[in-house]
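J.: One letter stands for each residue in the lines below.
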Amino acid sequence: MRYSYYPGCSLEGTAREYDVSTRAFLGALGVDLVDLPDWTCCGATAAPAVSRLLTLALPARNLALAEAAGEDLDILVPCSACYLNLKRAEEGVREGGETRREINEVLAEVGLTCRGTVRVRHLLDVLSRDLGGDLLKSRIRRSLSGLRIAPYYGCQCLRPYAEFDDPEDPRTMEPLIRATGAEVFPWNAGAHCCGASHMTTKPGIGIELVAGILEAAAGADAIVTVCPMCQMNLEAYQEKASKIRGRDLKATVLYLPQFLGLALGLSKEDVRLDLNLAVGEAFKVKAA
Amino acid sequence: MKHTTHDRSTASGVGSGLNTAEVLDDVKQMIQACIQCGTCSGSCPNEFAMDYTPRMLWRLVLRGEVEDIFSSRTFTLCSSCYTCTLRCPRSLPVTDAMAGLKQVAARLYPERYRPSVAFSRTFMESVRRHGRVDEMEFMFFYFASRRNPILPFQFAPMGMRLLSRGKVKLGLPGRGGKGMLEPIFRKVEAMESTP
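Residue numbers (this note's numbering), protein chains in the order written: chain A, 2 to 289; chain B, 57 to 251.
Just chain B, with the same shape it has in the complex (with noise of 0.2 Å):
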């Protein structure tokens, strides 16, 4: 798959000397032990959608191919089931190496990524507002996120049935949780840009 941005944009509160290889560190610690067996990848659900199979993205990990794992779509096609954590021989916590390229791409890549991206961080900013989640504001600002004036008409027959069944709150959450989580996401974020 081929992206024609080459976008550097730093998220909130990162740095912008971030180099991706140091970023990718991390990551490449979580499976230094990988033995290619391709386990992960004959276990996961998603993997007929993936251009790298899991196997075929930890060697490219190992060997620090940054371009080519952050051109890749596999790691956002992790669902989080954990089959593949589950049964690694190594016993290496795949899933969170799943997780922590997801990271990485929000923090280096959010353009590449848009709408996984966006998905994750709208919903982050919901609760950093409220302190809970409110599935309507979240639907509503990761529609504008994804600056496609067609996609929240695929998704208005569903909102519909949930409005008819009174499952939509119309209005903000009044439960005074809101700015509760504010020193949390502050103090997580001073932590975490500065290794």
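Bound-form chain A, shown alone (with noise of 0.2 Å):
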């Protein structure tokens, strides 16, 4: 299996134990990425509060780079809000008619063209529908029985292109948690919003939306998180959410793929968990 590579911004930066552990994971299982050459930011949460074409024309620019790579490979991207602008952008152009013509208008500036040959796919797709739980399930290492999971999706790989999975009531981690050994923690706050930038915006009210799932996890051993804005909003604001909450919420918070690749077989440092804002003890001493 072959896929092109858009990490994007955040998986630089304050997710880098994201892109390790992506990459570390689907190793392991022999998946071959291959790194998309001069991508540039697909705009974010930002681009779509300044400007519709922008919004557009940001991702597309990446599909063309893709396209012009020749192979024709899916786009892999294990960050949510990425996912959805380059989907977004792969839909305009595949739809063709004016917001086409539009893209490639602009995108005509750069000498690029996009046609919309190349898939956009979620990293979680590409583990619920290439890889499977019955794949992982024979790769077993380290089993992770004993540990409690709640997963966690959030919005933008869900909704609104329900491409892999229901995004009303979202299972397609649930295979792949119990492949490991671990049970699924039965929540529904799993594809509940985290607030996205609010907790940079309007802290009040995103620190609201981080508290309730944080109250609907408690009992779990460890959620698990397949974005880098829900990543973050999960595991920074614990205190203030138990302070406002008037009780205890701290969480294990990690990205799915380190979950996953310690089940593989991988050490907490190959998947660096010393990344991580909010892993527990017990929970290192028992998966890691």
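Keep in mind that the hints were calculated from the coordinates and are not lab data. Note that CB positions come from ideal geometry on N, CA and C, so glycine has one too. Don't take each hint at face value.
[As the list claims (entries may be wrong)] DSSO-like mimics (lysine-lysine), calculated; alpha carbons at most 30 Å apart, straight line: (1) B/223 with A/287; (2) A/251 with B/223; (3) A/203 with B/223; (4) A/138 with A/203; (5) B/234 with B/223; (6) A/285 with B/223.
[As the list claims (entries may be wrong)] Computed from the model, here is a short list of chain B residues facing chain A with C-beta under 7 Å: (7) 137; (8) 168; (9) 172; (10) 215; (11) 243.
Please assemble the complex out of the two chains, which come individually in their own frames, going by the hints.
T.: As structure tokens, then:
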């Protein structure tokens, strides 16, 4: 299996462990990642608040680069915000008509054209549909039985494009978690919004959403995530959330490929568990 | 919520002849078929903090109540979770309509909506300069643009935690992406300022 790889800006900075663990986990399963050369920012959640056309053109530039690479590999994207932006551009170009014309009019300025021949895939899509729980199960080297894991999907890998999961009741992480020997923690906050950039621009409101999710996870041994924004919101503000709710809301939060990687026998150094902001000692003892 | 400033300042690259009602037309088109059922309001995770509910806001948009719309904080509270878009029985692009209002606010009322607009603007400026976002530089300019001397200190503990884990790059990105996106930004500005 071979994919074009678009890490996105966060994975070069605050979410480095997501990048490292994604590469290590997929590498251990024999999956080839081809780095997209000269990729640029997808526009994140900022572009849609500023300009409709920029929201399409910035990600489209990366699609055009992937097409120009010639192999028409699917583009694997670990960040949900990047995924949505790239996917939106892919759909815009596929639809054809005015949107495609506008996108290509902009891209012509940098000598590129987008034809819509490559598919954009979220990491979770690839893990659940191309790899799957059965394959993973056959490769487990360290059973993580006894752990109860809360799968947190967030928003933008599920909505608005219902590509690989049920956006109201997502389940794709469950077979992957069970493959490690762990149990799936039953909860209903897996597709709730973490507040995204509210934690920066409107912290008083963002913290309510974060606290709600952490409360729902009480009793789980860890929350696993598939988006740098969700991960940051759930791991970095636990003290503040505990304060406003008047109860201890500390929780272990890690990226899905970190968790799955440990089960494959990767070390905590291999998946850079040291970079996480909220991994409890009890979890480290049990899992790493 | 009351705003004392009535700015009509224009963003770079946007002509000064823009009329709010005209700019609002795109958003109006998107939600023309709204039946006021309230599914969007009932689905919204941020509704608890809004002044107008999303349903009420769409009614105001359809009626062209520009003053009411742009003295509301409702659209700035949309965190783009797309639950309303998913559930709208009329299949309207509800989240995109919220983004449309954010775009109008960024163009015509940047002072009223300073925190949100400053966040998006400084982010996009970092992208424009470097091709990729430098998170540290972006936060620095974001704090600077908020003109609130206390604000950076509220984020200092987290900054230190990131710094101690080597997650914050000191110094600007040296990837050679500099200026790579400039022609794209310039072209988009040109296309969006001529309706």
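J.: For the hint on residue 168 of chain B, just tell me whether its beta-carbon gets within less than 7 Å of chain A.
T.: At 14 Å from the nearest chain A Cβ, residue 168 of chain B fails the 7 Å test, so the hint is violated.
J.: With the threshold set at 30 Å, check whether the alpha-carbon distance from residue 285 of chain A to residue 223 of chain B stays at or below it.
T.: Status holds; Cα separation ~21 Å.
J.: Residue 234 of chain B and residue 223 of chain B were given as a pair; does the straight-line alpha-carbon distance stay at or below 30 Å?
T.: 21 Å, holds
J.: Can the restraint linking residue 223 of chain B and residue 287 of chain A be considered satisfied, given a maximum Cα separation of 30 Å?
T.: 26 Å, holds
J.: Can the restraint linking residue 251 of chain A and residue 223 of chain B be considered satisfied, given a maximum Cα separation of 30 Å?
T.: 22 Å, holds
J.: Would the stated hint for residue 215 of chain B survive a check requiring a Cβ distance to chain A of less than 7 Å?
T.: This hint is violated: residue 215 of chain B lies away from chain A, its Cβ roughly 11 Å from the closest one there, beyond 7 Å.
J.: Minimum Cβ distance from residue 172 of chain B to chain A below 7 Å?
T.: 6 Å, holds
J.: Going straight from one Cα to the other, do residue 203 of chain A and residue 223 of chain B come out at no more than 30 Å?
T.: 23 Å, holds
J.: Take a quick look at whether residue 138 of chain A and residue 203 of chain A sit within 30 Å of each other, Cα to Cα.
T.: 42 Å, violated
J.: Should the hint that residue 137 of chain B touches chain A count as held when the rule is a Cβ pair under 7 Å?
T.: 4 Å, holds
J.: Against chain A, is residue 243 of chain B within 7 Å by beta-carbon distance?
T.: 5 Å, holds
Violated hints for the displayed structure, listed by number in ascending order: 4, 8 and 10.
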